[in-house]
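The listed protein sequences derive, respectively, from chains A and B. Read in order, the letters of the first sequence are residues 0 to 271 in numbering that gives the first Met the number 0. Read in order, the letters of the second sequence are residues 0 to 422 in numbering that gives the first Met the number 0.
Rather than coming from a laboratory, the hints here were simulated on the basis of the structure. It is possible that some hints are incorrect.
[Claimed, not checked] Listed next, the in silico SDA-like pairs over lysine to any residue satisfying Cα-Cα at most 20 Å (straight line): (1) Lys-300/B to Val-244/B; (2) Lys-258/A to Glu-212/A; (3) Lys-300/B to Pro-117/A; (4) Lys-235/B to Pro-117/A; (5) Lys-118/A to Ile-293/B; (6) Lys-147/B to Ala-9/B; (7) Lys-118/A to Met-330/B; (8) Lys-118/A to Gln-304/B; (9) Lys-118/A to Glu-156/A; (10) Lys-118/A to Lys-235/B; (11) Lys-36/A to Gln-49/B; (12) Lys-300/B to Phe-322/B; (13) Lys-300/B to Ile-76/A; (14) Lys-118/A to Leu-326/B; (15) Lys-118/A to Asn-236/B; (16) Lys-300/B to Arg-415/B; (17) Lys-235/B to Ala-79/A; (18) Lys-118/A to Ala-323/B; (19) Lys-36/A to Ala-323/B; (20) Lys-118/A to Arg-417/B; (21) Lys-118/A to Gln-172/A; (22) Lys-300/B to Arg-112/A; (23) Lys-118/A to Ile-306/B; (24) Lys-300/B to Gln-77/A; (25) Lys-235/B to Gln-77/A; (26) Lys-118/A to Phe-322/B.
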Amino acid sequence: MDAPVIDTRPIVAAGPKAPAHGIKVRTRDVSVFYGDKQALSDVSLDMADRAVTALIGPSGCGKSTFLRCLNRMNDTIQGARVEGVIELDGEDVNARAVDPVALRARVGMVFQRPNPFPKSIFENVAYGPRIHGLTTSKSELQDVVEQALRRAGLWDEVADRLDQSGSSLSGGQQQRLVIARAIAVDPEVILMDEPCSALDPIATARIEELIDELRQQYCIVIVTHSMAQAARVSQQTAFFHMGQIVEIGRTDELFTNPKEQRTLDYITGRFG
Amino acid sequence: MTDRPDIRAAVERRLKRRHAAERRFRLYGVLAITVAVAFLALLLGRIIEQGHSAFVTHSITLDVPVDAARVDPAYPQGANYDQMAAEALLVRLGVDANTADNGRAVRDLLSPDMGFQILAQVRADPSLIGRTVTIEAPVGDSADLYFKGEISRDTPEEQRVLTDQQIGWLDQLERQGLVEAHFNTGLFTRSDSTQPEMAGLLGAVVGSALMLMVTALLSIPVGVLAAVYLEEFAPKNRLTEIIEVNINNLAAVPSIVYGLLGLAVFIGWMGLPRSSPLVGGIVLSLMAMPTVIIATRAALKAVPQSIRDAALALGASRTQTVFAHVLPLAMPGVMTGSIISMAHALGETAPLLMIGMVSFVPGVPEGILSASSALPTQIFIWENAAEAAFHERTAAAILVLLVFMVVMNAVAIVLRRRLERRW
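All chains, please: the whole structure from these sequences, using the hints.
The following block contains the structure:
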């Protein structure tokens with residue numbers, strides 16, 4: 000198929016109340032190979048700060064692969080090769096000088112299935128600040144943990160049982176716990192890989208509210224299978240298909256008035 | 000969908016066959032378990048039947064006058080205390096003490112331990128010379144067997160180790176109340192001896208413990224770290240594949256080959272002391288290491304990838320991820336695998352034969368460099384002994400070894416239960 004002309008201009012100032020902010024993450028011509036297999040080809044996408052960018056598309060379209068490029072989690076997969084430019088605040092994340100460990104402190108990630116460590120709730124949140132040496136005293140660490148849990152909207156539910164195992168929480172609570180764990184390191188970008196796919200509708204609504212609140216402070220990139228969710232939480236949406244971006248647009252425009260036929264087919268449920 | 004009744008009938012017919020196959024398979028399963036349990040019961044029953052008598056022994060209490068004329072206070076070890084004890088016993092039996100035949104016959108019923116005990120007392124307190132000491136010592140091995148009913152009067156005299164006269168004396172001693180049956184503590188407080196009644200397992204147990212310590216200290220850290228590296232850090236390429244295959248092969252190498260290797264390398268080339276727990280431990284750790292590596296890798300593989308992702312995405316380094324999250328989660332499996340491989344090492348005999356741990360070592364090893372025997376080789380030595388009394392001790396030693404293994408396996412199970420966590 001011929002590559003469509005893609006408008007790569009950043010979509011900023013999205014949403015009625017969202018203030019205008021610059022581009023946080025800029026990608027140009029990103030291609031990813033797993034061995035000989037090309038999973039992503041020439042993806043260019045800009046993600047605005049303090050806004051939510053949703054990546055939608057059918058399974059295997061490369062949206063998770065793209066997400067994992069942004070914090071170099073693809074490095075952990077043997078045989079994965081990333082080409083192209085990925086910039087965080089204008090700085091190439093794949094540069095030799097960039098330590099992936101330091102990068103991941105700036106770019107947090109939340110996974111599809113809640114994956115708390117089999118340790119206490121407190122330890123789950125405290126682990127990040129501890130390995131990065133963000134706090135100097137125990138009371139400071141306790142403050143950081145409390146702040147993170149408050150921002151994740153979990154504090155009131157777990158304040159009296161911080162020493163209990165993280166896996167004793169419900170699925171939705173676990174997912175908020177791992178979000179608290181991610182924001183405890185004070186990242187700039189939060190990547191979410193289908194964060195609600197293992198949750199029931201009520202827990203999903205709770206996470207979506209949380210994403211909306213977190214948008215005030217972070218650049219959020221979310222991969223989702225639910226177009227309704229993309230429409231609810233994001234300001235910008237990119238539609239991926241077969242390892243390429245088909246269309247990028249402001250969420251309200253992309254869902255109401257898509258420019259590409261394939262986008263229309265997908266959002267109206269004709270494939271995928 | 001044309002002829003439904005026909006299809007039904009066909010399904011029904013097949014169903015009967017399928018159920019029959021199911022029942023047959025269950026029957027095979029029950030049979031297999033029954034056979035296995037029967038063999039185990041037979042094995043254990045036979046060993047217990049043979050060995051239980053070794054846990055009881057008979058001792059004799061005797062007043063022995065220490066003849067001042069025959070003991071040189073400056074050189075007390077030069078005196079023949081066995082003879083004095085034998086004479087005292089003959090006096091008790093009311094038999095003429097002055098014939099050489101009687102002396103020899105009665106000395107057979109006593110253990111040399113009696114003489115050693117008299118010597119020890121005289122050395123500790125030389126004023127005992129010329130007075131009478133009271134000694135409680137094991138009876139000789141043949142006498143012990145007679146009291147346990149394993150030597151029968153009905154056997155023709157020339158086919159048994161005790162003469163009619165000796166048996167008569169033993170009966171007389173029992174009637175006089177000098178002989179007493181009690182738990183054989185000597186089995187656990189003494190080391191190997193040429194005299195069955197004085198032989199115990201202490202030296203072998205200590206030797207095995209020292210050896211296992213060396214094995215654990217070498218094979219567990221090296222094995223676990225090798226597994227962690229291979230599983231979590233090493234690139235997956237042809238070289239690591241070859242290494243993996245060879246580790247699996249090493250786990251299947253006959254243990255005697257490790258013994259030959261130990262003999263050639265550690266004793267021959269490096270000059271480490273022969274028969275020592277150090278060499279035994281090194282050889283056994285070579286043998287145990289592949290098992291530890293395989294068990295650890297399996298445990299690491301079972302840790303979900305999501306835990307690694309979680310830690311890495313937070314900015315933990317590879318090492319931090321492995322040692323703070325992955326390895327602790329794999330720990331129950333690592334512990335179980337390690338303990339079971341240690342239990343295997345404990346029972347291993349063949350490599351120890353090669354490195355000379357089958358020598359007669361009458362004392363408790365002082366350290367990992369001194370000559371020592373081990374439990375399985377002690378069993379081997381006793382099994383080859385001529386004296387009938389050693390045979391029950393062989394079975395008893397097997398029981399002790401089995402108890403050690405059961406305890407180790409139980410510890411492994413308890414640890415696994417304790418440490419096992421959900422994720």
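Outcome of the hint check:
At roughly 17 Å between alpha-carbon atoms, Lys-300/B and Val-244/B fall within 20 Å of each other, so this suggested pair holds. Taking the CA atoms of Lys-258/A and Glu-212/A, the gap is near 30 Å; set against the 20 Å cutoff, the hint is violated. Distance hint between Lys-300/B and Pro-117/A is fulfilled; the C-alpha atoms sit about 17 Å from each other, no more than 20 Å. Restraint check for Lys-235/B and Pro-117/A: the C-alpha separation of about 28 Å exceeds 20 Å, so the hint is violated.
In summary, the hint linking Lys-118/A to Ile-293/B is not supported, as the alpha carbons are separated by about 27 Å, beyond the 20 Å threshold. Taking the CA atoms of Lys-147/B and Ala-9/B, the gap is about 71 Å. The hint is violated against a cut of 20 Å. At most 20 Å may separate the alpha-carbon atoms for a hinted pair to count; Lys-118/A and Met-330/B meet this at roughly 14 Å. As the CA atoms of Lys-118/A and Gln-304/B are separated by approximately 16 Å, the hinted pair is consistent with the 20 Å bound.
For a cut-off of 20 Å, the pair hint linking Lys-118/A to Glu-156/A stands: about 17 Å separates their Cα positions. The straight-line distance between the Cα atoms of Lys-118/A and Lys-235/B is roughly 30 Å, outside the 20 Å bound, and the hint therefore fails. With a C-alpha separation of about 68 Å, the suggested pairing of Lys-36/A with Gln-49/B is violated against the 20 Å cut-off. The hinted pair formed by Lys-300/B and Phe-322/B meets the criterion: a straight-line CA distance of about 15 Å does not exceed 20 Å.
Among the hinted pairs, Lys-300/B with Ile-76/A is consistent with the structure: their alpha-carbon atoms are about 15 Å apart, no more than 20 Å. In summary, the hint linking Lys-118/A to Leu-326/B is supported, as the alpha carbons are separated by about 14 Å, within the 20 Å threshold. For a cut-off of 20 Å, the pair hint linking Lys-118/A to Asn-236/B is broken: about 34 Å separates their Cα positions. The suggested pairing of Lys-300/B with Arg-415/B holds, with an alpha-carbon distance near 17 Å, which does not exceed 20 Å.
Restraint check for Lys-235/B and Ala-79/A: the C-alpha separation of about 13 Å stays at or below 20 Å, so the hint holds. Between Lys-118/A and Ala-323/B, the direct Cα distance comes to roughly 11 Å. Compliance with the 20 Å bound is thereby established for this hinted pair. Distance check on the hinted pair: Lys-36/A and Ala-323/B sit about 34 Å apart at the alpha-carbon level, beyond 20 Å; violated. Straight-line distance between C-alpha atoms of Lys-118/A and Arg-417/B comes to about 15 Å, which keeps the hinted pair within the 20 Å bound.
Restraint check for Lys-118/A and Gln-172/A: the C-alpha separation of about 15 Å stays at or below 20 Å, so the hint holds. Our distance criterion of 20 Å between C-alpha atoms is met by Lys-300/B and Arg-112/A, whose separation comes to about 19 Å. As the CA atoms of Lys-118/A and Ile-306/B are separated by approximately 11 Å, the hinted pair is consistent with the 20 Å bound. Between Lys-300/B and Gln-77/A, the direct Cα distance comes to roughly 16 Å. Compliance with the 20 Å bound is thereby established for this hinted pair.
At roughly 8 Å between alpha-carbon atoms, Lys-235/B and Gln-77/A fall within 20 Å of each other, so this suggested pair holds. A distance of roughly 14 Å separates the Cα atoms of Lys-118/A and Phe-322/B; the hinted pair therefore holds under the 20 Å criterion.
Checked against the numbered hints above, the structure violates hints 2, 4, 5, 6, 10, 11, 15 and 19; every other hint is satisfied.
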